[in-house]
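J.: Here is how the chains run, residue by residue.
Protein chains: 2
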Amino acid sequence: MSVKKKTRGQLIVLSGPSGVGKSTVISELLGARRDIYFSVSFTTRPPRVGEEDGVNYNFVTREVFEEMIAGEELLEYAEYVHNYYGTSLKVIREKLDAGIDVLLDIEVQGAAKVRAKCPDAVFIFIVPPSFEELSRRLHRRATDQEEVIQGRLKKAREEYRQIPNYDYLVVNDKVSEAAGEIMAILVAESCRTKNRMNIVEGV
Amino acid sequence: MSVKKKTRGQLIVLSGPSGVGKSTVISELLGARRDIYFSVSFTTRPPRVGEEDGVNYNFVTREVFEEMIAGEELLEYAEYVHNYYGTSLKVIREKLDAGIDVLLDIEVQGAAKVRAKCPDAVFIFIVPPSFEELSRRLHRRATDQEEVIQGRLKKAREEYRQIPNYDYLVVNDKVSEAAGEIMAILVAESCRTKNRMNIVEGV
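Line order of the protein sequences matches chains A and B. Mapping of the first sequence onto the numbering used here: position 49 corresponds to residue 49, and the numbering continues sequentially without gaps. Quick note, the numbering used here runs 203 ahead of the 1-based positions in the second sequence.
Incorrect hints may have been included.
[Stated by the list, open to error] As a list, the in silico DSS-like pairs of lysine-lysine whose alpha-carbon atoms are at most 27 Å apart:
| id | chain 1 | residue 1 | chain 2 | residue 2 |
| --- | --- | --- | --- | --- |
| 1 | A | 194 | B | 377 |
| 2 | A | 194 | B | 316 |
| 3 | B | 397 | A | 117 |
| 4 | A | 194 | B | 293 |
| 5 | A | 113 | B | 377 |
| 6 | B | 358 | A | 194 |
| 7 | B | 397 | A | 154 |
Calculated directly from the structure, the hints in this document are not laboratory data.
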């Protein structure tokens with residue numbers, strides 16, 4: 001008997017308010033952990049300037065998306081402002097079965113649906129050091145009007161109410177530290193007794 | 204509102220069979236994490252050659268130990284071969300209250316008592332890469348007779364049955380990696396939502 005490789009990948013769900021710097025943290029994390037598969041969402045909304053198909057989103061037609069719904073190929077999906085957004089269950093399942101960890105960047109409602117279907121997934125919520133800092137970060141981006149910023153802050157407050165449903169809370173003060181904490185969480189999760197009982201089987 | 208320091212320390216319970224190299228892993232861990240307080244057990248057994256009071260054990264008389272029992276100063280204690288062994292609740296509580304993480308090296312029965320009293324503690328079990336390797340390590344020490352070694356292996360098998368009660372399973376193949384996994388576990392535990400809700404209070 002020797003140490004056997006963990007057979008199944010870990011599903012990691014990351015949520016956090018707009019402006020928290022989640023995509024920067026994810027870039028840092030994926031740079032250090034190249035073995036993680038980042039799940040790219042599907043959407044019917046048209047690409048914005050600078051957005052790449054297969055990188056920011058998988059851009060598909062309404063027909064294709066509705067076929068995915070009908071074929072039960074989606075782990076979760078939602079419709080916002082007449083556009084569909086969703087996560088492919090098929091791709092994720094293939095990766096997890098191959099022993100690859102999968103990272104999902106998903107908002108709180110989508111995360112709730114994933115939680116219902118995949119209770120073994122690890123749920124991480126990223127927050128700024130303070131709510132005031134979130135407001136500062138949103139203003140600093142200067143791409144949005146005050147009204148839009150206030151809307152995002154209001155939404156953030158609603159999202160914060162879901163935090164108790166998440167396993168971990170990571171503070172994005174310094175990006176490298178936040179990414180480091182997520183990496184530690186992933187190591188710890190791989191050490192969970194339930195994920196490693198194969199090591200001591202047959203003793 | 205800003206990030207507040209976690210107010211309470213984390214109690215970490217480490218178990219593992221004789222010969223797994225636990226004390227080497229603990230030395231490595233304490234070298235890297237000098238902020239952790241390592242709880243030294245109390246015993247009435249006389250010190251062996253090379254053992255230091257306050258380092259290996261706190262060596263006390265039977266009278267003192269029985270006063271500690273009567274005063275309910277012990278988190279757990281047991282009597283083996285006419286000697287008491289126990290853990291001071293008083294010291295641990297003081298450290299935890301001061302925000303200091305406390306590490307306990309304790310065998311499975313003691314750990315079960317701690318689990319009943321401190322369900323929020325983190326329980327880590329250390330195993331060798333294989334049971335054959337444990338046998339090799341015990342033989343390599345060459346300090347014990349074959350009969351004693353067989354006794355230790357039998358006890359190890361019994362201890363293994365308690366593994367499902369532990370939160371984490373760490374494999375001591377390379378000491379630095381085992382210590383690294385424990386450090387990751389401690390970071391992850393400090394990120395647990397329940398330990399960090401103070402960060403997002405009042406939003």
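J.: Could you run down the list of hints and mark each one as holding or not?
T.: Right, here's what the structure says about each hint:
no., hint, verdict
1, A:194 <-> B:377, "holds (22 Å)"
2, A:194 <-> B:316, "holds (22 Å)"
3, B:397 <-> A:117, "holds (23 Å)"
4, A:194 <-> B:293, "violated (33 Å)"
5, A:113 <-> B:377, "violated (40 Å)"
6, B:358 <-> A:194, "holds (22 Å)"
7, B:397 <-> A:154, "holds (24 Å)"
The structure fails to meet hints 4, 5 from the earlier list, while all remaining hints are met.
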